Amino acid sequence: MRAKYLFFYATALTVVLLTACVSTRRETGFVSLFDGRSLGGWTLVGKKGDGYGVKGGVIYCSRGGGGNLLTAGEYADFILRLEFKLEPGSNNGVGIRSPLASDVSSSGMEIQILDDSAPQYADLRPAQYCGSIYDVVPSRRGALKKAGEWNEEEITCVGRLVKVKLNGKRVVDADLNGVTDPNVLAKHPGLLREKGRLGFLGHNDYVEFRNIRIKELPRVARNNVPPAGFTTASAWRVGRDWSPTRQNVQQCRRWNWPRRRRRPTR
Numbered sequence: 001m002r003a004k005y006l007f008f009y010a011t012a013l014t015v016v017l018l019t020a021c022v023s024t025r026r027e028t029g030f031v032s033l034f035d036g037r038s039l040g041g042w043t044l045v046g047k048k049g050d051g052y053g054v055k056g057g058v059i060y061c062s063r064g065g066g067g068n069l070l071t072a073g074e075y076a077d078f079i080l081r082l083e084f085k086l087e088p089g090s091n092n093g094v095g096i097r098s099p100l101a102s103d104v105s106s107s108g109m110e111i112q113i114l115d116d117s118a119p120q121y122a123d124l125r126p127a128q129y130c131g132s133i134y135d136v137v138p139s140r141r142g143a144l145k146k147a148g149e150w151n152e153e154e155i156t157c158v159g160r161l162v163k164v165k166l167n168g169k170r171v172v173d174a175d176l177n178g179v180t181d182p183n184v185l186a187k188h189p190g191l192l193r194e195k196g197r198l199g200f201l202g203h204n205d206y207v208e209f210r211n212i213r214i215k216e217l218p219r220v221a222r223n224n225v226p227p228a229g230f231t232t233a234s235a236w237r238v239g240r241d242w243s244p245t246r247q248n249v250q251q252c253r254r255w256n257w258p259r260r261r262r263r264p265t266r
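What the sequence shown shows, in this note's numbering, is residues 1 to 266, in sequence order.
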């Protein structure tokens, strides 16, 4: 009997240790953006009502209030992990690569947070469902939990690539270079930003956030790098009727051949 109990406890201890190791490995390199007690390190833009508050280790957007609660720091390439809980019909968003502004969904980017199963959202456009890059790239549905339950979200930004996981399911896998609709590009100039703040975008509904942490990633070198001995130079000229706010602007370059030394004349 004693041997049986010893085997049971040894097995349980092994499971606990393995779980802890996996969890630690998964979270290596992440730092918390929320101290669990205050809004230190955050700035509120366009406050509505009571704005945001802290209680019980969570950040909450107050009912009838909100605004944009943005980080003090700016981030370029990163993995952001957080948890959020909605009430029936709640609407919010995660701002990424944003300026310190009130129009983050256009001047930066917004990852939609929404109880999109609520009756008032029956006629949403595809890129308005929870997890979407708001009004730009639609998300796959079916990953959001019921209102009142905690959801886990992971947002990865690397260069022009944006990926969103909701409760472990990939709902967005986007290359922003593939966004070519001129109307979308004109409405969302923030798609061109390479760096900016993170934050929560309140729309008068109660939402809670917790376990907000980030891992910054090294910047990816541009693909358009000339071979050794070559230099780069712009190969484009701007025409009179061309507007950079209406096109997916990319830096296009050509290679200059290295200059050859002249042979000495005899």
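Be a bit skeptical, because a hint or two may be false.
As the list claims (entries may be wrong) - Subject to a maximum C-alpha distance of 27 Å in a straight line, what follows is the list of computed DSSO-like cross-link-like pairs (lysine-lysine):
#	residue 1	residue 2
1	K195	K163
2	K48	K169
3	K187	K145
4	K145	K163
5	K146	K169
6	K146	K163
7	K146	K55
8	K163	K85
9	K85	K145
10	K165	K187
Stated by the list, open to error - Distance windows between CB atoms, simulated:
#	residue 1	residue 2	range
11	G64	G29	35 to 41 Å
12	A127	L217	33 to 39 Å
13	R213	N183	32 to 38 Å
Derived by calculation from the structure, the hints in this document are not laboratory data. Remember, it's a predicted structure, so these values are computed and weren't measured experimentally. Every residue, glycine too, gets a C-beta built ideally from N, C-alpha and C.
Hints versus structure:
For the given pair, K195 sits about 16 Å from K163 by alpha-carbon distance, which is consistent with the 27 Å threshold. Distance hint between K48 and K169 is unfulfilled; the C-alpha atoms sit about 33 Å from each other, more than 27 Å. Note on K187 and K145: the hinted pairing is violated, with a Cα-Cα distance of about 31 Å set against a maximum of 27 Å. Restraint check for K145 and K163: satisfied, since their Cα atoms lie roughly 19 Å apart, inside the 27 Å limit.
Only pairs whose Cα atoms come within 27 Å are accepted, and K146 paired with K169 is accepted, the gap being roughly 15 Å. Restraint check for K146 and K163: the C-alpha separation of about 22 Å stays at or below 27 Å, so the hint holds. Distance restraint check for K146 and K55: the Cα-Cα separation of roughly 22 Å lies within the 27 Å cut-off, and the hinted pair is therefore satisfied. Restraint check for K163 and K85: the C-alpha separation of about 21 Å stays at or below 27 Å, so the hint holds.
For a cut-off of 27 Å, the pair hint linking K85 to K145 stands: about 9 Å separates their Cα positions. Our distance criterion of 27 Å between C-alpha atoms is met by K165 and K187, whose separation comes to about 25 Å. About 38 Å separates the C-beta atoms of G64 and G29, a value consistent with the hinted range of 35 to 41 Å. Judged by the Cβ atoms, the range 33 to 39 Å given for A127 and L217 is violated: they are separated by roughly 25 Å.
In this structure, R213 and N183 meet the distance hint of 32 to 38 Å, their C-beta atoms being roughly 36 Å apart.
Checked against the numbered hints listed earlier, the structure breaks hints 2, 3, 12; every other hint is satisfied.
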